[in-house]
Structure formats: structure tokens, C-alpha cells
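Peer 1: In case you want the letters, here they are:
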Amino acid sequence: RKEVEQDPGPFNVPEGATVAFNCTYSNSASQSFFWYRQDCRKEPKLLMSVYSSGNEDGRFTAQLNRASQYISLLIRDSKLSDSATYLCAVNINTGKLIFGQGTTLQVKP
Amino acid sequence: DTGVSQNPRHKITKRGQNVTFRCDPISEHNRLYWYRQTLGQGPEFLTYFQNEAQLEKSRLLSDRFSAERPKGSFSTLEIQRTEQGDSAMYLCASSSPRGQEADTQYFGPGTRLTVL
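Going line by line, the protein sequences match chains A and B. Start counting the first sequence at 1; every next residue gets the next number (our numbering). Start counting the second sequence at 1; every next residue gets the next number (our numbering).
Pulled out of the complex, with its shape left as it was, chain B reads as follows (with noise of 0.2 Å):
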């Protein structure tokens, strides 16, 4: 499968822990987008990468919330000290700033997270 994958699928926690998501991207994709949806929304963006720079930030990318990708491949989403209001679909997309699809955006699975 040469899509994007994301681990873990679904996160259960309580208040007050720390969560960590990866996403691995389509390979040759060098751009790599964190979103997260909310019920009955569209997916609102909140950051991204081109390489291993992170080049924008969403508002909504408290300072609980952090993201990298060191090595330009795979990133992490962190969220330190989880808020029930945290629980969301957390959404990772890839793309390619070349060829014909470029700066099309596909999406991996999603990490479903439950905040208790």
C-alpha cells in the first residue's frame, strides 16, 4: 500500500495525558499536512511541513500541540496534557509540489482520539 498511513488508528486516554501520532506520507510526497475534524465539520487545518521545515501553524495549534518531522519523512502530532475538547479525527495528507498533481492533498486513515 504507497498511501498515507497514520498509527494508531484509534487513541483512548484520560485527561491530563500525553498523546503521540504518526503519519508516514507517500514516499515521493515532500509536503506532509496535519488537520483535525470535528463532527459535522470540514477538517481545519493545523500545520504543515514541506521537507522537514514547518512552514505554517494554525491558531488553533495551542502550545499543548506540537509537530515534527525531523528527517523529512514521517512526522509526529503531540498533544501534552489532553482536554476532552481535544477529542477529534486527527487527519494527515501528502503531497507533491510537481507534476500534474501538484499541491493535491491526500489523506491517510486518520487517528481517531477519545479523550475520557
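So that you can see chain A by itself, here it is in the shape it has in the complex (with noise of 0.2 Å):
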């Protein structure tokens, strides 16, 4: 089993939808949380880390759920422009970041 899974999708969505992809994790000492957006042939970047509060962030929401070991990311009124791969990663503490496969969204008009 993999230690951090993603749905690889292609999520394919119209704009103005809403869309979530969760990301789960096998190692419950993990620390901290993010989701990167990674465009094509380009570098992750650092899109939101997630807190055990939940956070959000304009259009995007982001939780976690200890118990259940996953993470999401929800994704109000999309844009054409989120169309991008979308990375979870986590990190046990031992400074590496552990990240899943990436879940592709394609917003359509």
C-alpha cells in the first residue's frame, strides 16, 4: 500500500462547479499537510498547507481528518485556470515530504 493515495482522476468538470478530491495516508504520526498545484512540465506549487481546524483560502477549502487519516481539497465555483494537477503530501516529521500520485482536474467551459 501506498503511504500517501490520490484518486488520479482526470476530474473533468464544468466551470462555476464545485469538485473535492480527498488524499488519504497510512502513517499515523504524521505532522503537517499540504496541497500543491503542479501545472504541466512545471514545479509544484505550494497552493495551501492544511491545519487540524480546516482552513480555507478565497475558493478553496481544505481538511483534515485524523481519525480517518485523509485530507481534502474542495474547490468552489471553479475556473478554467485550476485546471492543473493537484498534489497531497505529508510530512512525518522527518523533514521529507511524502506526496501522492497528483489528481488531475480539466475545468471545461
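Honestly, I wouldn't trust all of these hints.
Stated by the list, open to error - No more than 27 Å apart at the CA atoms, straight line, and that leaves these computed lysine-lysine pairs for DSS-like: (1) B:Lys11 <-> B:Lys71; (2) A:Lys45 <-> B:Lys14; (3) A:Lys42 <-> A:Lys108; (4) B:Lys57 <-> B:Lys11; (5) A:Lys45 <-> A:Lys79; (6) A:Lys2 <-> A:Lys45; (7) B:Lys14 <-> A:Lys42; (8) B:Lys71 <-> B:Lys57; (9) A:Lys42 <-> B:Lys57; (10) A:Lys2 <-> A:Lys42; (11) A:Lys79 <-> A:Lys108; (12) A:Lys42 <-> B:Lys11; (13) B:Lys14 <-> A:Lys2; (14) B:Lys71 <-> B:Lys14; (15) B:Lys11 <-> A:Lys45; (16) A:Lys42 <-> A:Lys79.
Please keep in mind that the hints were generated in silico from the structure rather than gathered at the bench.
Using the hints, put the two standalone chains together into the complex.
Peer 2: See the structure below:
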């Protein structure tokens, strides 16, 4: 079993839709959690850190469920420019990040 | 530009040649990481430094790979006797252990290696 798992998709949604991605992790000692956005052939860019209380940044909401060991990302009112791959990453306090495979989102007009 | 920088951005080499990549982290960050990413996968951890000390190396880092950070600033990643399976994007990231964004890693643009 992979340490961090994501549904690779692709998720094809119309503009204005709400879409949610989940990411599960296997190590209960995981300390910090992140969502990164990656455009084709570019580097990952930090989208949000994920806090225990959940956090929101504009149209983006991230949640952490420690009991079930998953994190989620909700995108409301999706835009064409949201089309990208969304990577979740987990740090078990050893310094390194462990990434999921990434979930591809395609927003259609 | 105060972000992470990497050079070269692209490298094409023949099998068996040696290649070296450079990473310059964000100036106040004392932690530096190397990852490798292949198509359709998330980045995979290779190694990381705190200042000049190499604190962890992945099993992915075979004896053909070596990384250095001699003065605790920039880092180099060398691959000796390259193989076609080494073709990937090599990503560098840096972080600070302090402050509100402690341990949040920021990535450079990557070096795309193609081994022919």
C-alpha cells in the first residue's frame, strides 16, 4: 500500500462547479499536510497548508481528518485556470515530504 | 527573484555520461531537499540537508548519485554513469525550520534530464 494515495482522475468538471479531492495517508505519525498545485511540466507550487481546524483561502477549503487519516481539498466556483494536477503531501516530521500521485482536474467551458 | 533557482533547466546526455545539477535555495532557508519526479507520479524524495549536513538519503539514491552542500548554501546533485532510467525531472526545494511557515517547502523550477 502506498503511503499517500490519491485518485489520479481525471476529474472533468464544467466552469462554476464545485469539486472535491481526497487524499489518504497510512502513517498515523504524520505531522503536517499540504496541497500543491502543479501545471504541466512545471514545479509544484504550494496551494495551502492543511491545519487540524481546517482552513479556507478564497474558493479553496482544506480539511484534515486524523481519525480516518485523510485530507481533502474543495474547490468552489471552479475556473478554467484551476485546470492542473493537485498533489497532496505529508510530512511525518522527518523533514521529507511524501507525495501522492496527484489528481488531475480539467475545467471545461 | 528570491525563489529557489536550479540550473540547468534542461539537460540531454548520453548513457554513461556524468551530469551535475545545481540548486540555490531561498536565502534564509537552511534546509534543502532533492526530489525526482517521473511522468504521472508525484515527486519522490531523494535526500535533504540541514545547513551543510546531509541528514537523510532515500534508498532511491544509488551509489551513482551524490549530493553535496559544502557551505550550507547552494547544493549540487551529481549522477555518474547515467542510465536511461535516470530520465526525470529533478526538483529542489528549501524550507526554514522557524516561523509561521516552518517546514513549508518551496520548489525550484526543476532540471529536466533526458538520457539517450
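Peer 1: Now tell me, hint by hint, if it's right for this structure.
Peer 2: Going down the list of hints, with the structure as the test:
1. B:Lys11 <-> B:Lys71: Holds, at roughly 25 Å.
2. A:Lys45 <-> B:Lys14: Measuring from Cα to Cα gives roughly 31 Å; hence the hint is violated.
3. A:Lys42 <-> A:Lys108: holds (21 Å)
4. B:Lys57 <-> B:Lys11: Distance of about 23 Å is within 27 Å: holds.
5. A:Lys45 <-> A:Lys79: Since the Cα atoms of A:Lys45 and A:Lys79 sit roughly 18 Å apart, the hinted pair holds (cutoff 27 Å).
6. A:Lys2 <-> A:Lys45: Given that 27 Å is the threshold and the Cα spacing comes to 23 Å, the pair holds.
7. B:Lys14 <-> A:Lys42: Within the cut-off at roughly 24 Å; holds.
8. B:Lys71 <-> B:Lys57: holds (19 Å)
9. A:Lys42 <-> B:Lys57: With Cα atoms ~24 Å apart, A:Lys42 and B:Lys57 stay inside 27 Å; holds.
10. A:Lys2 <-> A:Lys42: It holds: about 24 Å lies between the C-alpha atoms, which stays within 27 Å.
11. A:Lys79 <-> A:Lys108: holds (8 Å)
12. A:Lys42 <-> B:Lys11: holds (15 Å)
13. B:Lys14 <-> A:Lys2: violated (33 Å)
14. B:Lys71 <-> B:Lys14: Measuring from Cα to Cα gives roughly 31 Å; hence the hint is violated.
15. B:Lys11 <-> A:Lys45: holds (22 Å)
16. A:Lys42 <-> A:Lys79: Roughly 19 Å between the alpha carbons, so the hint for A:Lys42 and A:Lys79 holds.
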